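Residue numbers (the numbering used here), protein chains in the order written: chain A, 7 to 712; chain B, 2 to 324.
Honestly, the hints are just simulated from the structure, not real lab data. Keep in mind that this is a model prediction, so the values were computed, not measured. Every residue gets a Cβ at the ideal spot worked out from N, C-alpha and C, and that includes glycine. It is possible that some hints are incorrect.
What the hints assert, rightly or not - Computed footprint of chain A on chain B, listed as stretches where at least three residues anywhere in the stretch have a Cβ under 8 angstroms from a Cβ of chain A:
id	region
1	55 to 66
2	109 to 115
Said to hold, decoys possible - Pairwise CB distance ranges, derived in the manner of DEER restraints:
id	chain 1	residue 1	chain 2	residue 2	range
3	B	Arg232	A	Val544	48 to 58 angstroms
4	B	Pro187	A	Glu557	34 to 44 angstroms
5	B	Lys102	A	Pro643	30 to 40 angstroms
6	A	Lys701	B	Lys102	20 to 30 angstroms
7	B	Phe57	A	Ser441	25 to 35 angstroms
8	B	Lys293	A	Thr463	50 to 60 angstroms
9	B	Ser39	A	Ile528	50 to 60 angstroms
10	B	Ser104	A	Gly616	42 to 52 angstroms
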Amino acid sequence: MSSDAVKKRKPKVVRNEAGTPETKRSRAEGDQLSAVSSHVEFRKVRLRQVQEVRVYNEEVELEDRDPQQDYMLYKDTCADLAKLMAEIQELKSSGAKVGSVEIEERHRQCSVHFITLKKLNRLAHMRLKKGRDQTHEAKQRVDVLHLQLQNLLYEVMHLQKEISKCLEFKSQHEEIELVSEEEFFQEAPAEISRPHVTRDDNHQLTLARLDWELEQRKRLAEQYKMSLARKEKIQKAIEQKREYLSSLQPGLQNIMQASLPVQEYLSMPFEQMQKQAEVARHLPPPLYVLLVQAAAYGQACGKTHIFTLNKTLSVNISGDVDEAKALSRRPEDSQEDESDSDAEEEQQNTKRRRATVGVQLEDKRKAMLRRHPLSLCVDLKCKDGSVLHLVFYYLMNLNILTVKTKVSTATDLSGAVSAGELLNSESLLNCLYASDHGKETPNPANRYQFDKVGITTFADYVSDLGHPYVWVQKLGGLQFSSDGAQVALSASHMEKTMKLLRGRLQARLALHKQFSSLEHSIIPVSSECQHLFPAKVVSGLTRWTMMSYQEFTELGFVQHVLKAGLVCETDLFFMAVVERGTARLLAAVVLNPRYPEVMPLFSLSLHWKGERSGRTEDNLRAMESEVNVFRAELQGPRPGLQLLTNQIQRLCVCLDVYLETESQVCDGSEGPREFPREKMCLRTARGPSRLKPFKYNHPQGFFSHR
Amino acid sequence: MGPVELLHMSVFSQSFSPCGRFLAAGNNYGEIAVFSLSAALSPDASEASQKPILNFTAHDGPVFSLLSTDTHLLSAGNGEISAWSWAELIKKSTKAAWTRKPSYETSLEIPEINAMIINPKDNSLIVGGGDNNIHIMDMETGIFKSVLKGHTDYIHCLCFKEREEEILSGGEDGAVRIWDARTNRPVHCIEVFKYEECARPQFGKWISCLATDSDWMLCGGGPSLSLWHLRSMSPTSVFPLPGCQREAVFYQDLIMSVGEGPHVSHCLHGGTVKAQIPCTPSSLNTLALNLKNSEHRVMTVGGSSHQIDVFTNFSYRAFSLSF
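With the rest of the complex left out, here is chain B (with noise of 0.2 angstroms):
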């Protein structure tokens, strides 16, 4: 990897490992890197420690999505989802598990995976991407059992409301569609772009980050950030950030959001921000949150750059991992 591609690197996603000690990212190049928070975060780190133990190229596209279960990494890439064990990437072995790919009606282009969630329920994988559709894979026998139409542009990205088995989509048209996880049928459908209060025309109506913690949902995109009530369908506060968000999540009784621009934004249900972050990259993708062990509980960002920044404290960047 030479400085000029190192240059024009971005990383899209982040998974921690269920030990919660690794550290995975993928890139725009196809390559997932594995870090290791514990070396990192030891007293005695050295620059070295901030390097990938592990990097290799996973796919031909860019690695949208990322996802860890009790033992393995998935990887979503150009039109397929590949599974890493994690004991074997710890090893520094970079087989593949298994490749899986839905079936698509396309042929022409083949359609980006942007969002891989888990139904710990009946234990199936829920894809969304490209195709407009969500397809949903029984994690035990690998096939695709079922798909879910309706959205008419690509999907950005997917939650899951466990409490209600509720299955939500948010889409480049600029919907966020509910699906029941159970009949597979839609329930709701939200048009945030409609709602004067969040919507902005000068962007455009695209969702790119969903978010939902009990009768709470929060979206964005093209559409300003705004936290819904569920039960009422009504946005309840639009959070005033400039760019367009990417990620969001709630935290405690914050809310973090990364999107366009150098830094994390902290904000307060009430709908004000609380403090915005600076960072190393231009633009952030993604944000993730290591809560599966208390001794690396960090918060980490990565976007338009090759660095990768480390929040041990939320308040300040403590180091940036390196590809």
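Only chain A is shown next, with the shape it has when bound in the complex (with noise of 0.2 angstroms):
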């Protein structure tokens, strides 16, 4: 059955070998050949179709053949084999002899299985060779893509690496500052900006804004040019204008010099201001702030005092110009120099020259104080003649200004001995504003200044330099942060100091005129004040004499007032002495810089019948209240310059009238009073202490209680 399956299909084969071998090739492995026997014919038959077809040819007989069943052909020729190999043992051991028919038919059969053995080795050597040229011609190929593949990957890589290239170039317009697009859409022109093109394209949008701009930038390059040459033009008429204005100038001059005596002859000293103008240039910046204000103020009050035809307020410059000139020139070179050489100095100084620190200490400290070569001459006039002279300093390496102070009286004021330090210009101005004692410099920074060279305290050289008030800075626009947050120009201070500052000399001669007629036992009462006391004093002023801070101290009756925190070193002192027969009245006087605006203190002692003072005896405390707290009655007319007549004259009428009222309370039959009562009392005393009637009424002119 299988032979016949395998006859028919056979032609078929043939007929389609020259079409698809593969497909012929797979069916022939897909078919079994199951039996031996149908193996032979179909071999004959096979050897039969290939003569009839082409020449025999093992190589093309190879491809008809599959391997697996030349491999199973082999098997089964030699299971054949050796199944007739068994058979000839067999026989042969049955007996059989060697050239019999059945050994001989079996000899046969078993040749022919070796021929198929043969063909089969030769088919396989054949297979091999055939595998092996076909995987070296594989390998071949495999190999040629494989260098395909390189090349294709190395392209691709390259490609890549130019993208990136040309993903990261920068191009110059991107440093370019553009206008924004809104700006570019309102402000260009639309052939520039192009809108339709524009509005979608970013790249042509960047094209236009650029365009815009080089175009915007060529108008601004012309006009810079014409800018340019407008400027090189102007220029030009300038110089002409100068060179017009200062063949002006020796024209001028003659003029000037004509119109002279004309000047003088009307007292009108234009160039005389002129000049003080020039020489102003060269003040430091707080002397000129303080000359501005002070010409300013002294105008303004020339104009309220014009009928008394001399300025009460007049301001000079004085000192060498030349150096000043020099100064302002390049005052920071100097400066950085000083600053260096300092520094030089005091490696030098560390290193090798101790024993010359103390020279050069001294001069360190006395470039430190230097004060600037001009100084400002500030002229204050009263109504009496008297003349305030202020100088005025500016200390160049402190920035403060300082003030030294001279008075030229009118009339002669030698012979008060008490009346020294009145007009000493030491202490002249003290106090001028409260607590404002020139002592110390009011710039915090100096501190460390000071530190720098060794100088402990600026008094030590306030008697060479001047006293830096705190008003001298405010006059003259220099403010430190020490003194509160109010700050204030330097034209607010001028009226006020100036007032203050006349106020105080007037204060000073005042007390000056009264000092020297109490040092000769005069209480010098004026017209204005006669009615604040009773036309008949008995106890009198014996003496006059100033004291020291110390001998105040030292007092024992004037502790209280001491305690009280009353007493200031920079007050004046002095001791008054009102005697009435054997009673001897002590009254310490403590005088504030600041009269009359602060009364003077008084503290008292009474010599008599023992000793009595404030702090024990209420009646001395009730006469020291009745000298010390009631102002208003006492002060006279404005500003009080008579006070401390009054205060006087007011002791001596308390004595007065303590005494009479003493001796009427205690005396009994001691014969006649030594003080008869002469003031009129209503009482003579009142009260749980028992105080007398100290208080005066004027027009009925009797004593009474307050």
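Assembling the complex is the task here: the two chains are given apart, and the hints tell you how they should meet.
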């Protein structure tokens, strides 16, 4: 049956051979040659067929054969061979003869099988060779393909590199700052902006914007060129005008020269003012501010005092102008030089020149305390003809202003010993404003500068350099943060300060006058103040002397005043002695520099039948308060320059009252009274502390209690 | 008030509020200051709590006398008496509730008022001062109903004996006069300076302090401070205090006295000075004991200073209130 099937299929195979040998092979592979018998037959058929179509070619045959079949065939053949061998063996062992038919038959069959094996062997070799060839071929193809792949990969890499290079490319236009898009669309003309193209196309937009930028820059460059040309022209014009002006100078000077006599004649010192203005340019800023403000104030005052025909305030600049010029030419250079050399010197000092440190420090101190070569003299005139001369200095390195004062009076003021301190330039302007002693520098920065050169306190140099009062700094527009937050201009201080200065001078002159009377034991009660006192005052001043602070503090009866903190070392201290008969009243007087704004303070001690003081006796205490407290009654006409005199006079009156009423109380029958009662008193004692009637009632002339 | 005014200030009078938590003090400038004792005595008292909570000018002249009723503070100025409600003062309102003037005969100088006391029996105010007379005002109506005349100089001090309803007055003329409050007639007159034990002619004869305790009377001034037995009208002990005394009080078995000299004197009834406690003012005008409030049991003294010394323990000065 199977051989039939093979037979039937064979012709088909042959027919198909030229078309698709692969399908034929695969089909052949699928077929199984099942039986050995059919195999031989099959071979014969095939041989015949090959012979029919073409010349036998073992190689071609090889193609047609299926190795699997060959393998089966080989196995079958081997099995057959073994079987045959076994049969021969069997036969031989059963005693059959070597040349017998059965054995011969089997020999033949064996030979056929050997041939088959041989064939198969050959085929196998050929197949192997073919296989090798195929493998080699395939390998070669693979190699080629691999090479191709490598090329392609390399190309890809290169392209990627190129792409990234392109991406990273920076165009120069990105650094140009362009106008914003909205602005661009608003301003640029349509032919540049081309909105229909550029609205959507970013690239085109950028290009258009660049175009616009270029356009604009071109325009600006044009403009710049035009401006330059115009500048050139204007400069030329200025040059011409300057030349013209300088040619005018000599002519003007001639006219000025010619007008001098006229100016003098008309007493209009234009020339002088001009000169002063010229010098003023070299003033340091604080002094300049002071000059301007003082001059302005002087002018304003001059108008109000026009009838007196002399200016109440005049300002002058004095000092070495050339030096100031040299200084103002390069102030920064010199400053730097100095500080540099300072540093160098310091180094040298530490290294080797210890012996000369003292000398160098002295030099440095001098340099630090140097004042500007120019100073400002302000003369303040009072109505009575006395003049307060103020000289303002500027300490360049400390950046503070100082002032020195001098008083020149219209009348001769000699004679008063105790008045020496009054017009002393050292203390004249002390405490113009409360607690402004002018001893320490108001610039807090100076503290550090002083430490560097070993200055302990500025007070040591005050007599040389002048007083750095705070009000002086304010006049010069110098503000130091220590004095609170209020910042005021120089101008706002000028009027008040000038008034205070004038008031101070008047007060001092008035005191001076009073002192010279007091020293001659005369109490100079002015006519305006007569009504404050009874006509007859028996007690009299017998001594008026100055005291030092030290002497004052040693007095026993002033301790309560010291304890109350009402005494300052800068105050002036006096001792007044009022006497009547055997009674002797000592009055220690504290005179504040701000007199008459601050009342002089009296402390009393009475030596009469033992010693009593305001500490121990209520009536003496009442007398103290009578002279110390009731300022409004005692000050007389404003601004109260007669205050001190009135206080002393009241003290005398009070002593009268005290003695007259006291003797009445306690004397019994001790003969005639020492102090007959002359004052009219309503009552001699009142209240729990039995005070005496110290208050004088003017028109009626009697004494009453407060 | 400047520092010079402070230096010359004297405190003349004091009075504790009815509740005992406040102290009013009057000075020579006519000002009354109200201090909070509870604040000053509290453990966390600061310097500010020693300052007055209220300071106002009550009168033109010095305030020589202050007195507290159950509701009001009475202050005596130059010839006038003003009343201030304590409740209002604590609220810092300084409007006088009323002001009355006794009718004076003299016109040239308005007499001062040196002493005021309350007669609790008929609720009247007894006022003595510069016109030598004692004026009695009915507190209900505010009318001055009677005048006691007898002193020849001005009256320093007044005192009331409740059991006998007697008014005691001491004056510059050196007499202690005893009046019957019901009939307004003089009962006795003791001229202290005539007793040799107490007289001090070198000072004078005025009587500036008076105090009574049942049958006993303290009086002093120009004459030495002395303890009198009223029934026998004789001095039993004289206290050897050097200065003139201005105020003296009985306190338990002690007599406390202030006057010239910067100290409070503690005396025993027998006539010995037990202690002299130093204080700030150089001489003292007034001494007050706060016995109404046990929490703030203090003694305060004022004088020729703007400071009022406070004694919590009576044997030393604790601190000072200050105007």
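Each hint tested on the structure:
| no. | hint | verdict |
| --- | --- | --- |
| 1 | 55 to 66 | holds (count 3) |
| 2 | 109 to 115 | holds (count 4) |
| 3 | Arg232(B) x Val544(A): 48 to 58 angstroms | holds (52 angstroms) |
| 4 | Pro187(B) x Glu557(A): 34 to 44 angstroms | violated (58 angstroms) |
| 5 | Lys102(B) x Pro643(A): 30 to 40 angstroms | holds (37 angstroms) |
| 6 | Lys701(A) x Lys102(B): 20 to 30 angstroms | holds (21 angstroms) |
| 7 | Phe57(B) x Ser441(A): 25 to 35 angstroms | holds (31 angstroms) |
| 8 | Lys293(B) x Thr463(A): 50 to 60 angstroms | holds (59 angstroms) |
| 9 | Ser39(B) x Ile528(A): 50 to 60 angstroms | holds (59 angstroms) |
| 10 | Ser104(B) x Gly616(A): 42 to 52 angstroms | holds (43 angstroms) |
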